[in-house]
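Chain residues, written in single-letter form:
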Amino acid sequence: MMMQEEAAVAFSPLTQCYGGSSFAAHMLWLIPALPIIAAGAIALLKQPRRKTSATLAIGSLSFSLLLSLVAFGQVLMDWAYGDYGSRETVNLTWFQVGAIHVDLGWVLDPLSAIMLVMVSFVGLLIFIYSTGYMAHDENYTRFFCFLSLFAGAMLGVVISNSLLLLFMCWELVGLTSYLLIGFWYQKPSAAAAAKKAFLTTRVGDIFFLLGMVWLFAQTGTLLFYNNGGGSMEHVALSALLAQPAALGLTAAGAIGLLIFAGAAGKSGQLPLHVWLPDAMEGPTPVSALIHAATMVAAGVYLIARVYPLMQAGALAGGTTTALTVVTWVGASTAVFAALIAVAQNDIKRILAYSTVSQLGYMMAGLGMGGVAVGMFHLITHAFFKALLFMGAGSVIHGCHEEQDIRRMGGLKADMPLTFITYSIGMLALCGFPIFFSGFWSKDGILEAAQHWSVAKAPFYMLVFGALLTAFYMTRQVAYVFFDHWRGHKPAHESPAVMTVPLAILAFFAITLGALGTPVWPWFRAFLDGRAAGFDLHGFAEPGLLALMTTSTLVVFLGLGVGWRLYGNKSTRPEAKDALENAVPWVWAVLRDRFYVDELYGVTVIAFYAWWGRVADWLDRHVWGGAVTGVAWSFGLWARLSRFLDTNVVDGSFDKGCEELSAGGGLLSRVQSGRVQAYLRILALAVVALAAVLIWSARP
Amino acid sequence: MNEFSTGIPLLSLLTGLPLIGAAIALWSGKHARAVALITTMSSLMLALLVWTRLPVSGGMGLVEQLAWAPSLGIEYHLGVDGLGALMLVLSAIVTLMSVDAAHRVHHQPNLYFALVLVLESGLFGSFTALNFFHWFLFWELSLIPAFFLIKLWGGPRRGPAATQFFVYTMAGSVALLVAFLAIFVSTGSMDFGHLTLLASTGELEQMVTAHLGPVSLWLAIGVLAGFAVKVPMFPFHTWLPAAYAEAPSPVTMLLTGAMSKMGVYGLLRIAIPLFGPQIAQIRTPLLVLAVATIVMGAWAAVAQKDLKRVFAYSSVNHLGYCLLGIFALAVPSAGAAAQASQAAALNGVILQMFNHGITAAALFWFVAMIQMRSGGGRGIDDFGGLRKPAPVFAGLMGIALFSSLGLPGLNGFVGEFLIFRGVFPLAWVAATVSILGLLVTAAVILTVIQKVFSGPVPERWAAFPDLHHGERLALAPVIGLMLLLGLVPQVIVDSVNPTVLNLLAHWRF
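Residue numbers (our numbering), protein chains in the order written: chain W, 130 to 828; chain G, 111 to 619.
Please note that a few of the clues may not be correct.
[Claimed, not checked] EDC-like cross-link-like pairs, simulated, lysine to aspartate or glutamate; straight-line CA separation at most 20 Å:
no.	chain 1	residue 1	chain 2	residue 2
1	W	Lys316	G	Asp491
2	W	Lys541	W	Glu531
3	G	Lys498	W	Glu709
4	W	Lys316	G	Asp492
Worth flagging that the hints you see were computed from the coordinates, not collected in a lab.
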């Protein structure tokens, strides 16, 4: 009877604290669970079952997409019926220690709904594309296992209503990123890149973890929203604001910055950007999915998710220290990475630096314009950058694994479908006016920068970044698709399983812009929880047309200069770059990525290895020396004790001694030498204990 | 006596069983391993039975109390709470793993397995004893078989390693013994429960001062020293890498999986309850040492070239988090928030003890398998690309490695998270510096994966055998446990938490 009760206490199931109302919100957990279950199932498969693994992965993600659409539809309905602040949460207590509840939960609101649809949709296209791209790989099954696990973990990040659950999924996402970057593990460069990616992001993550435990300690909860009791809600935020921390920050500001460090690691922001270009060692679908569209955007999403914290304490029209830091880091990253992209020759590396740069735009957008501005660029970027990476994959596939743009050329004739879709992605990325989504989302950021109250510099930086973007993309496209073929074997177009996803993404790279124009700012209204009206006067906002004209001119300037330098120039692969001829030292600095990796090599990495050797040396010589000393003095003590044993201790204890020695002797028969001495010490210790006990127990 | 005690002296049975098994094993020649397997499996069953019969209150259950030598304050007094029972289960699991891993003992297997079982008995005894004399007997009893196991079946430099291990631990024990004699002289009691009660009212310190003068702090340091060597705490850890590296890998599993927990357990059962105020008084230097254990342990692992030494230092690092949690919570608690943090830290510490035991034992098991397949090689640079010939091996060891790294979803994370949650509000500087350890450990573990499993396969490992069916079957429960505890930590937390609250209620700082 008693036993049963106790056993029941030992294992309590998850208990639901507070539930959302709609079916969609209740079922939300299935969206990440399905791909994770599929990954588990694939892991248990035998190696050669290629078709089964792809079917499982694609099938489960299709269901996730379906559920995501249902969830999105639910939020959209609420919104359409005027329930603007629609937010449903389902929270569970994971376990309880003392008075602390460790809660997990998920949330369905406009932010998570939009992100869910994007991740599962882009993910599904990339899964399908992978069946073609990876068709000849011997570890096809494992690839889909990891890919599925990634999709599940990423969707988990998206739905989390708890910073802890988000962090757990966040780390899982990092793990799958690690596994997929190092997918071709026989290549030492891939293994090294995987390690670098994991560790660099972990640098950010340890700050994130600190921020998390701090937030937990201060507010008593890690749930974002919990009927007024969540950490992103008014009560908790005012408490955080009232709590001062170091350097003139409030606890809210300090925790916000710590969490931002985690976001900066994941999203490749300065100074933790170094892993992302190396991550291109992974298969191209991985680059498209993880290192362009979804995982690297998770940092941006995280900041959007904790935006109430980042913004806490800001006056109307003002900003906070945390958001100012986000802005400056974002703007610097945007320019810095764009500069490097100018001087790269690997088709994927150019795109990788471009991704870093665009993530900088998103961060800056969040910092200056708010959630909707940053998130809109995140969504449009996910589509056109996935498109570009998959296009690049198609190019690489068609060019027989060649990645150097100098050894390509003239592909517009050989790979027309890839060329058309790639051009659409490129124009969207450059922000080509009116017809491409990138124009609208980038303009949103520039507009916010123009009105930023703190400084004007980010605006100019971002405009300069736009110029560079147009320039390096023109250079790349000119090298790859124009002029004549400079490679070895002639190129061929990719199969339909790869080109159809390209076409679908291209469609969205154009049309998505319609959701966020000044005439019908639906995206912003949806996320901010307002009604969206169609209003032709949207353009009439002061300064808006001037801004659009400026950014249009900048894009044309970039395209023009790029084409002037690289268009149809008929260069040999070995020839120096046009820019290199003009300003060799600038080229060298940019080509070598501002020597950041080298700087880390001689500082952080060198310190790490050196300190390791110091720790080892101290152990062997200094602390180890102390041990030798102890051992030596112990030997001395033993000899002294033996003397005491035979001469001082009362004879009545000898019998006990002998018994113990005999016990020791039984064991030590197998052994000779000094061991007996130590056994004797033990026996002696017991005797000494007994002696003192007797002595002290006397009445 | 306790209401939960039953007719059957479960704890005595548990402690005696391995001794009986040892006697049988000694006489069963080549079948010694089978005897040991049966014994350890039965012990695990018993330990799990103990686990299910814990009192809900978090206090001591299954108490057995008999007069032994009352005039000397010596009693046969056994009992377990959530902490003790968890350690019993851990010891039983790790010993079973160790016996399972040791199927290549050719030299006197009967003696080997008999010693392993005696060691298990020592572990059980010391995790159930509630009287100092009794406890100390088992504390030392576990040391002797460990010494012989290293000395007789160890690697080429086993002699010095075994001696250093024995002498160093003995030195710690002597400090402990002296401190306890002083306590006995002052109070006339060696009963943990009684002494804890005295300490919680402050009487213990008064009695010690009355009898011996103001030496409480020194006694605390003596007790701490004994445990600091065992855990080990920086800079008393130098015996560990040599002992772990030279011991045969199944014995290393026991050393790191179970025996290192005796030190942490001693801190929680003896040092903190009896010397709370003194430890609080020297909390800052202790925190510095705990942080040094974490950071220097992790960093020393960076420079190692021997897989066993890498994991040995990694063990030092992981146990450092336990020390951090314990010392950080040693503050006079002011208010509910601080108490909540203490509870979180202590829950984290106990979880970490269990998780580290399982994970570290598993890692050394994998090393044993690598050694068996490669003819003794275990240099970190000796391998490469093993993932190709042995994908299942790489996958399962990868899970164990990521568990050690603290990946969420596996067992290591929850304990570390709770420790940091508890420590940060109580000692934020220590928490902030220690968190570096998480980064360095990750670097170490990923380097192991990179060097052993990635890259091109050298010619000589092209036929490196993957795990065979039996090995997979043996490892599956361990890997399963890592996943289970990572996802459903309440399996442990729900039983440990009442004990944590009970302990904290009786501690005074």
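Legend entry - Structure-inconsistent hints, enumerated in ascending order: 3
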